[in-house]
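Following full-length UniProt numbering, the numbering of the sequence shown begins with 1 at its first residue and continues without gaps.
Don't read these hints as lab results, they were simulated from the structure. There's no promise every hint is true.
[Unchecked claim] Quick list of in silico lysine-lysine cross-link-like pairs, DSSO-like style, CA-CA up to 27 Å:
#: 1; residue 1: 195; residue 2: 141
#: 2; residue 1: 43; residue 2: 141
#: 3; residue 1: 195; residue 2: 43
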Amino acid sequence: MTAPLGFPAVLARYLELSGLTQRALSARSRVSPASLSRYLSGKTRPSRGAVAALDTALGANGALLAAWENTVTDDLPPFLLDVDVLEREAVRIDLVSPLAVPGLLWCPSYAELAYEAGRRVRDVRRLAQLRSERLGQLSAKVSAVFPLAALTHAPDDVRAEQVAHLLDLPDRVRVHLLPEGTILMGFPGPFQVFKLPEGREVAVSDHLEGSQVHPDSALPRTRELVRDALALALPPQTSMVELRRMAA
Numbered sequence: 001m002t003a004p005l006g007f008p009a010v011l012a013r014y015l016e017l018s019g020l021t022q023r024a025l026s027a028r029s030r031v032s033p034a035s036l037s038r039y040l041s042g043k044t045r046p047s048r049g050a051v052a053a054l055d056t057a058l059g060a061n062g063a064l065l066a067a068w069e070n071t072v073t074d075d076l077p078p079f080l081l082d083v084d085v086l087e088r089e090a091v092r093i094d095l096v097s098p099l100a101v102p103g104l105l106w107c108p109s110y111a112e113l114a115y116e117a118g119r120r121v122r123d124v125r126r127l128a129q130l131r132s133e134r135l136g137q138l139s140a141k142v143s144a145v146f147p148l149a150a151l152t153h154a155p156d157d158v159r160a161e162q163v164a165h166l167l168d169l170p171d172r173v174r175v176h177l178l179p180e181g182t183i184l185m186g187f188p189g190p191f192q193v194f195k196l197p198e199g200r201e202v203a204v205s206d207h208l209e210g211s212q213v214h215p216d217s218a219l220p221r222t223r224e225l226v227r228d229a230l231a232l233a234l235p236p237q238t239s240m241v242e243l244r245r246m247a248a
C-alpha cells in the first residue's frame with residue numbers, strides 16, 4: 001500500500017496544477033512568500049489557518065487540510081531542535097527563570113559568573129562576551145520573568161553592570177521582576193517559549209547538560225507556567241523603577 005503524500009508534496013502538486021507562481025499564491029492566500037517557501041520545503045509546519053487559506057486559494061477542496069491533519073504529529077522537525085535556530089526565527093520569546101537572570105539578558109560579567117559557577121571554565125571570557133551580544137542579533141519581542149534576588153545576591157560590581165545592562169535593553173524587551181520573597185513553586189527550572197512567524201510555539205527548558213526541546217504536548221503546561229509567573233511578577237514599569245533604584 002502506498003503511503004499518503006506529506007503536506008509539502010501535496011501543496012507542491014496543487015501549486016503546479018493551479019499554474020500559479022509562488023508569489024501569486026502568496027498574494028492570493030495572504031501567506032508570506034518566506035513562509036510559503038518554508039512550507040513547500042518542509043522546514044516549517046504551517047498553522048491550520050495558513051493551510052485553510054492555501055487550500056481555498058488553490059481550490060483544493062480540503063485536500064491540503066486533509067494532508068496537513070494526516071502529517072501533524074508530536075514530533076518536531078530537526079531544525080526546530082536547535083535553540084540557536086529558534087532564537088533567530090522567533091517573533092516572540094517568553095523567558096522564565098526561577099533563580100537567575102535569563103541568559104539572553106546577561107551582561108558580560110554576569111555571564112562569566114554563571115559560566116564559572118557551572119564549571120564551564122574554558123574560554124569563559126569569550127563565551128560570556130558572545131552570550132551578552134546575542135540579544136542584539138535577534139529581532140524577537142522578549143518577555144522575561146526572574147527574581148529581584150538574582151540581582152541583589154550578585155557581587156556588587158556584577159550587580160551594577162547587570163542592572164545597567166537591563167536598563168539599556170531595547171523597547172522590545174519587557175522585564176518582570178519577582179519581588180523579594182516570591183518563590184515560583186512547581187517550576188522545574190529555567191524555560192523559554194518561542195513563538196514562530198507562522199504561529200507555532202516551541203517550549204524549551206534548561207538542564208545540566210544543555211537545553212531540551214519539548215514536544216507540542218508540553219505546551220499547555222508551559223503556557224500555564226508562564227501565566228503563573230507573570231501573575232506573581234511586577235509589571236514592566238514597576239520593574240524599571242526597581243532597577244533604577246538599584247542603579248542610583
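If you draw a straight line from the CA of residue 195 to the CA of residue 43, is it 27 Å or shorter? 16 Å, holds
Given the hint that residue 195 pairs with residue 141, test it: the Cα-Cα distance must not exceed 27 Å. Roughly 10 Å between the alpha carbons, so the hint for residue 195 and residue 141 holds.
Next pair to validate is residue 43 with residue 141; report whether the Cα-Cα distance is within 27 Å. Measuring from Cα to Cα gives roughly 23 Å; hence the hint holds.
Consistency with the previously given hints is maintained throughout, with no hint failing.
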